[in-house]
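*Asks:* These are the residues of each chain, in order.
Protein chains: 2
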Amino acid sequence: MTSNELFEQIKKKESFLCIGLDTDIRKIPQSLLDTTDPVFNFNKEIIDATHDLTIAYKPNLAFYESLGVNGWNSLEKTVNYIRYNHPEIFIIADAKRGDIGNTSNLYARAFFDAMNFDAVTVAPYMGEDSVKPFLTYIDKWVILLALTSNKGASDFQYMSENEEKLYERVIKKSSNWGNCENIMYVVGATKATMLADIRKIIPEHFLLVPGIGAQGGSLEEVAKNGMNRKCGLLVNSSREIIYAGSDNDFAKKARESAINRQKEMAMLLKKHL
Amino acid sequence: MTSNELFEQIKKKESFLCIGLDTDIRKIPQSLLDTTDPVFNFNKEIIDATHDLTIAYKPNLAFYESLGVNGWNSLEKTVNYIRYNHPEIFIIADAKRGDIGNTSNLYARAFFDAMNFDAVTVAPYMGEDSVKPFLTYIDKWVILLALTSNKGASDFQYMSENEEKLYERVIKKSSNWGNCENIMYVVGATKATMLADIRKIIPEHFLLVPGIGAQGGSLEEVAKNGMNRKCGLLVNSSREIIYAGSDNDFAKKARESAINRQKEMAMLLKKHL
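Note that the protein sequences, when read in sequence, are chains A and B.
Here the first sequence stands for residues 810 to 1082, numbered as in my numbering.
Here the second sequence stands for residues 810 to 1082, numbered as in my numbering.
Keep in mind the hints are simulated off the structure, nothing from the lab.
Incorrect hints may have been included.
Each pair may be met inside one copy or between any two copies, as identical chains are not told apart.
Below are the DSSO-like pairs computed for lysine-lysine, each with C-alpha atoms no more than 30 Å apart in a straight line [what the hints assert, rightly or not]:
1. Lys-974 - Lys-1061
2. Lys-941 - Lys-836
3. Lys-960 - Lys-1009
Keep in mind it's a predicted model, so treat the numbers as computed, not measured.
Just chain A, with the same shape it has in the complex (with noise of 0.2 Å):
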């Protein structure tokens, strides 16, 4: 998918709205626990009643991991379900992943060849030939974590050389391993006023944010200080959306929760763009 097709699902939908399906098999409704497949099941519900308010799904892979081969099933059928169902959703392994070079490179065949997502979120640790190999997919992307929502960012994320921090170095320099066609990079909403400075250094990037919600970041901040001309901003939200009710009717409760998010979206959009 190139960033222009993003952007028109964007216009369309008027919503820069990810879905995080980090589908819990302890926060399932019980009614579902007795299906063949209660994590696909869910996550199929929760897209049936949302795919016509987000931009994208973006599965976390510990989720689906931690079930072992049952989870891996459930994964694939998601993705597939998402796929042949709506074809213009983008869909995102978030999946931290990162190398030596040909093992990369088997992590990039796992993504975008047996399991057809369009991209894979990367950690930047051990550099260009850890993210490199995931770049030579045509219309498939790397996400790469810069400044992510956590405590923890602080540890060493905000390393500073020559008044260059560790993420701005991460950024400065990856933005030359690819390009925006095929970059992007974690910023988390929980340090929106950074996204302006990061906006400075690339324009052009989509940035995925997470730390909406849950986390406690602030949509209206991150859309002033991160939106640039074709939107360029897909931001996250798993927990608030996808466990707003907890009952059968968790997939009603969701898309209520969705709407909410893509209207305030839909006059973000008008605002800022």
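Got chain A; can you put chain B on it based on the hints?
*Replies:* Leaving out everything else, chain B in the frame of chain A:
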């Protein structure tokens, strides 16, 4: 497994070898490709041929994930096979995971509960809360990336603030999150002289050292600079051993290659311990 149990095994086998089960379906002998589970059958033969020479096995997850659900099946069978037949052997999930706290928690569950690995490699970029969930398991280990053996290591790991490099900060900070009974560090053999400096920061911790063999590091240099009074080293070799042969005698060739390494290690243990 405790560090003393590891050390007992090292003394008994006169080896500090870790064999990387980076099993690539494209490199498996033709005769195995016709079996129902070529990857597991390859691993089984390698394990049968080398278990008395090695302290640890380290499957790199990328090789299994690239095969989807089948790959996870092969991986689970491999771990169970080692666990059942050679309970003394340390099993490392080379996964390089790391995510926000509640998500890392699930990765820990995936590797320590669902799969019964002894250790998992973790990437430090996201800081303390991304690492700590792995440290709550008794007798299980985090192996944190510090100084990797690839070319891209120099992109960010050498960044320096107040004469402290990023990889040094990673080691110093994280050594307070756990202790030398639940954290090891990845330190590439291609930087053997830096091992001596790292030993000044963490004299007691075990180090997992990749980069011997195919990547060009010297085992003698590693032992000289990195060994402590309990050995404190697990030196990994993957391709050099498991692909020593490419025909039906691959297991025999792998054993010969592992014996060469083990003999060299026996000599180095005698010299430095």
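*Asks:* When no copy is named, should Lys-941 and Lys-836 be tagged within, between, both, or neither for a Cα gap of at most 30 Å?
*Replies:* between (37 Å within a copy, 23 Å between copies)
*Asks:* For Lys-960 vs Lys-1009, is the C-alpha pair at or below 30 Å within one copy, between two copies, both, or neither?
*Replies:* Classified as both; 24 Å inside a copy, 29 Å across copies.
*Asks:* How would you label the pair Lys-974, Lys-1061 (within, between, both, or neither) given a Cα cut-off of 30 Å?
*Replies:* Answer is neither: 43 Å inside a copy and 51 Å across each miss the 30 Å cutoff.
In the structure shown, a violation is registered for the earlier hint numbered 1 alone.
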